[in-house]
Amino acid sequence: MSYDESLFPEKLPHNPEKATLEGRNKFMGLWFFLGGETVLFASLFGTYLALKDSVHTGPTSEELFGLPLVFLMTVMLLTSSLTSVYAMYHMRNNDFKKMQLWLGITGLLGIGFLICEVYEFAHYITDYGFTFRSSSFGSAFYTLVGFHGGHVTFGIVWLITLMLRNAKRGLNLYNAPKFNTFSLYWHFIDVIWVFVFTVVYLMGKVG
Amino acid sequence: MSTATMTQKRSFGAALWDYLTTVDHKKIGHLYLAGGAFFFLLGGLEALIIRIQLMFPNSDFISAGLFNEMLTMHGTTMIFLAAMPILLGLMNAAMPLQIGARDVAFPFLNALGFWLFLFGGLLLNLSWFLGGAPDAGWTSYASLAMYSSGHGVDFYVAGLQIAGAGTLMGGINFIATIVTMRAPGMTYMRMPLFTWATFITSVLILFAFPALTINMFLLMFDRMFDAAFFNVDLGGNTIIWQHLFWIFGHPEVYILILPLFGLFSDIFATFSKKRLFGYTAMVFATMLIAFLGFMVWAHHMFTVGMGPVANSIFAVATMAIAVPTGIKIFNWLATMWGGSITINSAMLWSLGFIPSFTIGGMTGVMLGSSVADYQYHDTYFVVGHFHYVIVGGTVFGIFAALHYWWPKMFGRILREGLGKITFVLFFIGFHLTFFVQHFLGLMGMPRRINTFLPGQMLDTGNLISTIGAFFMTAAILVFVYNIIVSARDEQAPADPWDGRTLEWAISSPPPYYNFEQLPLVRGLDPLWVEKREGNGKMLPGEPLDDVHMPNGSILPFLMSFGFFVAGLGFIYQTDSKLWFLALYGGMAFALGCMVVRSLKDDHGYYIKKEELQKALDREAK
Amino acid sequence: MRGWLGKTKALVLLGSLLLLLSGCGKENLTALVPKGYGAQSSMDLIVLTTVVMSAVFLVVVLILVVVLIRFRKKKGQEDFIPKQVEGSVTLETVWTAIPIILVIIMAVPTVMAEFDLADTEERDDHRNITVTGYQYWWHFDYDDDEIQTSQDLYIPVGERVYLDLKSEDVLHSFWIPSLAGKLDVNPENVNTFYIEAYEEGVYYGKCAELCGASHALMDFKVIAVSPEDFDQWVDDMQSFDPEELELDSVAQEGKELFEANNCMSCHAIGGSGDPLGPNLASFGDRTRFAGILDPTKENLVDWIMDPDEIKPDNKMKFDNYPEISEEDAGKMAEYLMELKPSEITPDTVPDLASE
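Chains as they are written, first to last, in my numbering: chain G, 270 to 476; chain L, 45 to 665; chain R, 248 to 602.
Among the hints, erroneous ones may be present.
Claimed, not checked - Listed next, the in silico DSS-like pairs over lysine-lysine satisfying Cα-Cα at most 30 Å (straight line): (1) Lys653/L - Lys287/G; (2) Lys644/L - Lys437/G; (3) Lys581/L - Lys321/R; (4) Lys280/G - Lys581/L.
Note that these hints are calculated values from the structure, not bench results.
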């Protein structure tokens, strides 16, 4: 493994995430990937909308959903998006410690969100007998929300890996793009959640 | 050139290891081409078996069940495992050279994309030996796919899921490459049409494949984990499958044809010695076709019962595609008009493409008329139509591309005489096979039938069709022979066709770093510009300096293998819980490789300035 | 492979076109000789689009041929560099505008025909029949008359008949090429359209959507008879009682075997209700057994003894009934072929004029 001095300059430039071609590529690549993800979620949303009233003999969305918990989840995830913005702000100013701190908060909020989601699913399954297999609505609901939850889980694993791997090394031109792409991905999950909240929970409760 | 000779001298083991670990776009191009060719021969064999079965009425060459497996695997193999990989191979081989880049944006992902395709394809074809291939058609419509017994459809789901992920990576990679890695002076509106087509096709891949991914997940959940998306008794709806499939499937058709539209533009310009007529219009026509490609998916579903409003909208949108396609055809003709045309094998395939594809296009418009489609739909008319488009467009294009770029990819020129024989045999066989199918359809022959009764006046047409298939088989054999004999011919020159674009500015095959110095692009058709200016070669666009290169890696291969094992686990966990070991084991292995990849720093390496200088000196001599 | 290539091709195409048009297929199967309202609507559009698109095709081939004759590289002029034309706004506008006009010419009649065929407002004024698709046979329930048939659909000629299509298992597609285009038979919803036959005759119908191993064999017939004959047929069907049939001793034995071997659990003879297997009420009048076999006793015996051999993967299996000796099968065949409720049969319908 050869060592590339140019990635570890004495003084980092502003916006270290875009200083190298690899960095710019990563940023671009992730943007395009998110474009594909949009279609992925659009397909899931379409399927959900087509099947949301196919409850068979099981509970309907009005009977199931409770907005307070979902509201708490929304707050947590939206806040985590904001904290990841702070982290990126500090990265651009080459302040590694503050970046790690804010990333840590982002991760904790994400974990909090996941815990709520697991609780929510467990509640539906044990108290309502509403499962993945009980009706087409059940399949569509768990698949859509579960895909989002899976993305959150992946994001958290990604974040922890990044933070641990680079904890002792500080910021450089090799890892700055990685933090940056993570942040972009995290915003995307957040945007998707806004749609999940609106289409699944609000429309399920009200509409 | 030095690398090519070195490769030959090295042992077989070393060469194998080299290809297993390569991240070089040119070698990945070779791999894609080899993999695609293998599956192309396999799919062709399946087609031949289908045609032999349908040669005479009431034939029992193969059983009905096996026939359904054949037609499913023929379609699936040809689309996902032959045409797409060969196109990705051509893009890999040519596009980075055409924009004057040393590699693609994500060399590692590039390799991963290939290995995922290969393992996905192998997984799918493994079904032949493990209790039967999928038998619900390449479209695998949900209700039939749900009823299909055995594991065939499960193999379809798992195999395509893995191969599809690979394709998606390829698409993202090409877009990023074209956005960030064009040589100095290579503005968007100076890019060769093949590069443009690669760009737009990649965008199509990016937006189309996720719909397939989701569809595969839904079917997988239903078949393997008892979900209820398509289970009508629990409120499911099988039409969702059709919508999602065609939201992917229609753009897929354009994914198969647009790269070759680009290629033909390059070929017509090169061999007419004329610049492409209406370059700007060609670019925007390509974009328009791609855009409309997402708006017309439901024309595959005119008979589903969507109602007159939806049918009318999709009918009109479908016909509208004729407009940009017409622009393209006429611009190609205008490119040749007034030119100085050389006709060789590459050009023959391109010239043969124009009338053949026009027939496919005109039947396409005819199919777009929804009320007429009530008769065409699901008959041999449709079979005739899409083979005119995919064979007359994609396959003709692939052959043109192979003749055109073979010297650049492998350093040998394919033999002209054999090339012409291939073309004539194939051209005759193609029209014999497929033209008559339009009429068979209208005379009452549904598609995907394993036999027909005598006395329905379908006998003659089917016999003609099968005879044509033998002609095409003969043509393919001649082409394979051509590859073998031309391998012993002498080294091809850098620019055998008096080329216009950047790939012809470097040796055949190119050195592993492509360009010692990135070229300076001073116009459309950059090499042609320099030839007319009297330079004859590209001017450097950067000072000579160390060149950064990525390291090879075995991880893409291992990772794909992990997903392959996990795929088997998914398929068989319904039989025995023990298979969860394979599922989780394979997943863990693949994810482990991913973790290794992200934890281990890989900064690549540098080619020293001095070595590049030596290469430049050699070239000067 | 010079300029003659394009010309030869055009000739070959034209030749094969003529050859095929001289034979438009079997008169009761082909879509090219429409004998009903829907098929006629489709055919009008097929002709219109074919004519327009063929004109475009001829223009393309003509230009291609001219190009190949005039602009080949000339001997002695190998170094000739043609003028590098960038494009032409006028020309490009022309070949953008003309296709747009052509598309409009084809789109307007398409949309009009689309709405015309989808019209179901008048369905209450006409006869309604429910069509159910099963893996690999068709069932017809004449809602207004409380009778059922399988495999053979009887309709009065010259009248609209509304068909409600649904599937009991997988997706099928209902197609009678000579009478109307196809409509899918979905498992989750009912699709409705109408057919109207212009001429009396026996028409071929087929399943057009891959539905399993015997998809190719999922044929049915539409028997279009005069309205008077149709009413007669309905009366006959309604008054048909298999118990009152006068049977010879062999057929009587066959009848007892039919009852003893559990056949009735799937196959009704007349009556109403949801069937598990084809209704055998007018079995003796069928033009084909199992949709595909010539109606001979030998074929029927073969079928009873091993249906899976003839129609793979069909639901008539030995799990549902005991194995039957050839002798017994022969007796049952004798009985089944006696099931002729009406004088109005496919044989009494005049043959279609072939063109």
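Tested hints:
For the hint linking Lys653/L to Lys287/G, the alpha-carbon distance of about 26 Å falls within 30 Å, and the restraint holds. Annotation: proposed proximity of Lys644/L to Lys437/G holds, straight-line Cα distance about 15 Å (limit 30 Å). Our distance criterion of 30 Å between C-alpha atoms is met by Lys581/L and Lys321/R, whose separation comes to about 27 Å. For the hint linking Lys280/G to Lys581/L, the alpha-carbon distance of about 41 Å lies beyond 30 Å, and the restraint is violated.
Checked against the numbered hints above, the structure breaks only hint 4 and satisfies the rest.
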